[in-house]
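Heads up: the sequence shown runs through residues 45 to 331, numbered per this note's numbering.
Possibly wrong hints are sitting among the right ones.
Straight line, CA to CA, 35 Å or less: simulated DSBU-like cross-link-like pairs of lysine-lysine [what the hints assert, rightly or not]: (1) Lys-224 to Lys-88; (2) Lys-127 to Lys-224; (3) Lys-88 to Lys-127.
Estimated spans, in silico, between C-beta atoms of each pair [as the list claims (entries may be wrong)]: (4) Arg-259 to Leu-138: 35 to 45 Å; (5) Glu-187 to Asp-267: 20 to 30 Å; (6) Pro-60 to Pro-319: 43 to 53 Å; (7) Gly-158 to Gly-74: 13 to 23 Å; (8) Asp-267 to Pro-222: 32 to 42 Å; (9) Glu-162 to Asp-315: 38 to 48 Å.
It should be emphasised that the hints constitute simulated quantities derived from the structure, not laboratory data.
For every residue, glycine included, the Cβ atom is placed at its ideal position computed from N, Cα and C.
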Amino acid sequence: MRYSVSVPNFGEFARPEVFAEVARRAEAAGWDAVLVWDHVVEQKALHRDIADPWILLTVAALATRRIRLGTAVTPVARRRPAKLAREVTTLDRLTGGRVVLGAGLDAPLADEYGSFGETTDARVLAERLDEGLHALDLLWSGEPVSYRGNHTTIDDVVFRPTPVQRPRVPIWVGGVWPNKAPMRRAARWDGAIPIMAGWQAAQPPDLGQVRELVRFLRTCRADHGLTDRPFDIVVGGASPTGTAGRDLVAARADAGATWWDERIPWGEDLDRAEPLLRRIEQGPPRG
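Work out the full structure, taking the sequences as your base and the hints as a guide.
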């Protein structure tokens, strides 16, 4: 089991110097990754201070040497694949191969997409997501690429340099469990970051639900002939400190999860850095 910290890209965390400090302290305290959210307005009526996640990850890259850095999750459906491919590649090279791309649809659709004239049709967005992921994989190959989908076109281009990580930067796909479609998508890539019951309160996922999720993902991986390839399953919540936290996380590791993602409950503290920094400094719930 490895351990990440989930950080909003809004509120006090939107200040690059604060985000860099979060990353520095996470590395010093023994965490394995920092994963930042990727919102453009989130709930737009709240008028949050919001920062670009790729700039935040860049300052975190310059402030750290070991931990992995990534998004949880980037709405690939509202990004141009060519631009995203360049950003992720540049960051992966800057970090020496420490990047993870979390991918999903994001929410709320009306605010994050509709506010900018984009469709809010979830089926169309899912198709854009699938095409975008395929395009990223092709572009990261460093080979000549031509591709034509319903929403994405690539006409005889070569993207170099390639990411440090081969064959690609790991792609972890998010979605709400027990919805099957996003986890089927995740099973085709390199990892899954499910949202599970109780997520707003940062409740640790029910152990039975984790077992069910792991069985489903393993079955899907087998159907695609991918059983022998590495695959991460990321579950999380707010863990208690001490023995209780270690036992809680160990049980989910035994069920098949490979990452524990430490999360903040939704509420007044969601925008504040001090409570998260306090938890970070207590260290991950290692067994």
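Consistency of the hints with the structure:
For the suggested pair Lys-224 and Lys-88, the alpha carbons sit about 29 Å apart, so the restraint of at most 35 Å is met. For the hint pairing Lys-127 with Lys-224, the CA-to-CA distance comes to about 29 Å; that is within 35 Å, so the pair holds. Taking the CA atoms of Lys-88 and Lys-127, the gap is about 25 Å. The hint holds against a cut of 35 Å. Between Arg-259 and Leu-138, the C-beta spacing of about 38 Å keeps the proposed range 35 to 45 Å intact.
The given range of 20 to 30 Å is respected by Glu-187 and Asp-267, whose C-beta atoms sit roughly 27 Å from each other. Judged by the Cβ atoms, the range 43 to 53 Å given for Pro-60 and Pro-319 is violated: they are separated by roughly 20 Å. At roughly 41 Å, the beta-carbon separation of Gly-158 and Gly-74 lies outside the given 13 to 23 Å, and the hint is violated. For the pair Asp-267 and Pro-222, the beta carbons lie near 18 Å from each other, so the given range of 32 to 42 Å is not met.
Separation of Glu-162 from Asp-315 is about 26 Å and departs from the stated range, judged on CB atoms against 38 to 48 Å.
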